[in-house]
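So you can see what is in the structure, the chains are spelled out below.
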Amino acid sequence: MIEKLTLILGGARSGKSSYAEQLAQKSGLAPVYLATAEPHDAEMHKRIEAHKQRRPAHWSTLEEPIAIVEALKKASTENSIVLLDCLTLWLSNLFASEHDANGQIVGLLSVLQTLPGPVIIVSNEVGLGIVPENALARAFRDVHGALNQKIASQADLVIFMAAGLPLVLKSNRS
Amino acid sequence: MIEKLTLILGGARSGKSSYAEQLAQKSGLAPVYLATAEPHDAEMHKRIEAHKQRRPAHWSTLEEPIAIVEALKKASTENSIVLLDCLTLWLSNLFASEHDANGQIVGLLSVLQTLPGPVIIVSNEVGLGIVPENALARAFRDVHGALNQKIASQADLVIFMAAGLPLVLKSNRS
Amino acid sequence: MIEKLTLILGGARSGKSSYAEQLAQKSGLAPVYLATAEPHDAEMHKRIEAHKQRRPAHWSTLEEPIAIVEALKKASTENSIVLLDCLTLWLSNLFASEHDANGQIVGLLSVLQTLPGPVIIVSNEVGLGIVPENALARAFRDVHGALNQKIASQADLVIFMAAGLPLVLKSNRS
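Residue numbers (my numbering), protein chains in the order written: chain A, 51 to 224; chain B, 51 to 224; chain C, 51 to 224.
Just so you know, not all the hints are guaranteed correct.
Copies of the same chain look alike in the list, so a pair counts if it works inside one copy or between any two.
[As the list claims (entries may be wrong)] In the EDC-like style, the derived pairs of lysine to aspartate or glutamate whose C-alpha atoms are separated by at most 20 Å in a straight line are: (1) Lys-76 with Asp-150; (2) Lys-54 with Glu-120; (3) Lys-76 with Glu-183; (4) Lys-76 with Glu-128.
Quick caveat, the hints were computed from the structure, so don't treat them as lab data.
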């Protein structure tokens, strides 16, 4: 049994992606990795490659920095499980672009309720440090926190990761 | 049944205020909202207005950026419940003022033990990011963390919020 | 009964050291405090002194900013319990030095499996804020998160502290 919508929340390097991959693997469905990262620089390129190496060869991969609503519609089937990794980079890409972030968020929340197969979303918690001096970072933190809340309220399973260990925040599993 | 002192801890946009309002609402007592925010700029003004719109009309509101000890004494009765939102902005106001932060903190911890009605305190956890480069931010983080510990040790109920979901850290409810 | 390896994780001023000291005290073994802090400036000097004052007089203290593998070998016996406080400052010292951080980390993970007595490690979670603008801070955050995961996977007990309250993330205690 796999939940319709799972949210894996945590800090940087808390083991979110790795845990999400295990959940997808255990589902028995065909995993589709929906990557939102863009290999802008060497640092990000290295991180993307490390993630790729870790995933089994039978996973299919979709790279989409912005239009994830369309990518989710394309990737989700009754026999597949989509792993969206990660919401934070997607939101960051939106903030760096000319796109309407609010419109995209509404579209995402809406499409998640109509997909035929399960989805696992990886997302960062970014609001537990000192208030950023940068106004854009403050705005990002606010929009991101609100988005995490909305995803969590729709999700059947919400996990908080710390040091590679999962903590269940919400479970609709009976 | 409502606890004498409740602490709602969490990051920015983690759903702290909203959850605290629900607790106050469910208590059956007359809620008094004790706001520590000052509408210095448009960003903060907008946030304060959004909070106000969300609260039911029968709530009374007290605005006090610094002298919350006196405000708590004034607001707390046997038939009311005070929601202090939030400790972080109060401490930030103290740091930005000429007031003696330590003296004010001692006063707060002391008055909390003598109030006739229950109090819910909303506070940020700010120590889970990289060490701030700014020395004042480091000092603030230290004083804030120590204050959260002291409030938590007095509290009957301590909740950690993440993505709008509550996690009980402490409960004296039997 | 005391676990072979305990990890106490948390933010700044979350009560990690204090909780770790209580665990060490309760073990009945002879506590050795292995301090990684260097009194570079007045702020750090004050913090170190406050920690020292809090510990009972019968604790022995070892100060070692870098070579903790050797210090652990020296301090650990069947009748002692070593409290390493903290991993974050050690890693920070390594980053500020010419030492090979990866080599030192491998050495630490290896020595932890061979010590005769139990060890408690205090460490910060630093990845729950906004992405740092500073590239070195980002690298530190990544290496630190990965190290926390590795220590946690070896540990028998992992505790997350918030506002002085412990939350068990992992326990092999049956």
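Any hints from earlier that this structure breaks? Give me their numbers in increasing order, please. Hints 1 and 3 are the ones this structure does not satisfy, whereas the remaining hints hold.
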